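Listed below are the residues making up each chain.
Number of protein chains: 2
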Amino acid sequence: MPDNAGTSIPDIVIGRLPLYLRALRRLRQEDKQVTSSHELGQRLDISSAQIRKDLSHFGGFGKQGTGYQIDFLIEKLQVVLKINQEWMVVVIGAGNLGSAISHYRGFQDRGFRIAHLFDVNPAVIGQRIGDFVVRPISAMSETIRAENIKIAMLAVPAEHAQSVADQLVEAGVEAILNYAPININVPAKVQIQYIDPVTHLQRMTYYLDG
Amino acid sequence: MPDNAGTSIPDIVIGRLPLYLRALRRLRQEDKQVTSSHELGQRLDISSAQIRKDLSHFGGFGKQGTGYQIDFLIEKLQVVLKINQEWMVVVIGAGNLGSAISHYRGFQDRGFRIAHLFDVNPAVIGQRIGDFVVRPISAMSETIRAENIKIAMLAVPAEHAQSVADQLVEAGVEAILNYAPININVPAKVQIQYIDPVTHLQRMTYYLDG
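Quick mapping for you: the protein sequence lines, in order, are chains A and B.
For the first sequence, position 209 (counting from the first letter as 1) is numbered 209 according to the working numbering, and the numbering increases by one without interruption.
For the second sequence, position 25 (counting from the first letter as 1) is numbered 25 according to the working numbering, and the numbering increases by one without interruption.
Which copy? The list can't say, so a pair holds if one copy fits it or any two copies do.
Calculated pairs, EDC-like style, for lysine to aspartate or glutamate (alpha carbon to alpha carbon, straight line, at most 16 angstroms):
#, residue 1, residue 2
1, LYS150, GLU86
2, LYS150, ASP166
3, LYS150, ASP209
4, LYS82, ASP109
5, LYS82, ASP209
6, LYS189, GLU174
7, LYS189, ASP45
8, LYS82, GLU174
9, LYS189, ASP209
10, LYS189, ASP166
Hints in this document: simulated from the structure, not taken from any laboratory.
Since this is a predicted model, take the numbers as computed values, not measurements.
Model the full structure from these sequences, guided by the hints.
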């Protein structure tokens, strides 16, 4: 759970903004210039009233009856989410998952750039994976401090996730996206989000006929 | 959003059950036999009252003052989530991401088994990836029907995600885990969940000092 102190906007609202942004970028790709909360809502399966209410926290960004200027709304949401700058990110773990993350082309034009890929395995260190040469995890903390990196993606085995996260926090990382299938504990000031496909699958099977 | 009609239990509660299950399995790995809502809550950063309330939807599973028998609670949650059986899953897209998914060892003992890996690219079809030989997407629908497969993981480029999802639904798939960074529309009876690391990163940068 993100530490929500100091802001009056519910975290669940913040969590929807990246979805709005993604849909808006898609509309722009389709050469559209104006959209509505109705159109956005249909694409996202979110009610238009919810979308208007969410955006009203930040001033609304649209005029009654004329819809939203897509470029304008994209720009505003990028400012709200602080991705009108590029954030450096480190990836820890150069196995299949870390390798797939490192090859993924979808970070850069959405606010993030992978700066380094670290692993503990001597057989992998020094190998080229995509655009990166895998660096030793022993150099991780110093690199993060020296380059003032605030964000890490954690793709290590579950049994190492907590200790690596502790090192990341100690080195100054303030946001961790954890792919290891285990909950990790971080100080309240550190943001943490999880990606575990199995939890999503299990959430869906509840609704299926067994 | 999962279609919640026909059940009185909020989807957000269902969404937390896989997290409880994951934490319980971890406790069992640590050779613990009994836990408490307090201990679970600390590990998950969820209040113990919330955990007790969530579990009370299903009967509670614990006695006042004695905590939860871990094995018993695991078994009960698996029944609730319908993963006391093994679900066959297909993976569509054999690029870096589909390849990483296919190599991932964490599905099988949590209720899921990848049955097939499909791709559209002739250069990839027939190649071995992990335990799989990549099959042509032209065989996808027939295979899904013949084997009565209900779950798919979608790891294709964004521009193909909707059309592949339409084919999956037409073939009988009832739950899709979509890794493509785009919202897709499915009938209300079909479950859909998303994995898009960038939306998680953007949700966190909101809280960072820009």
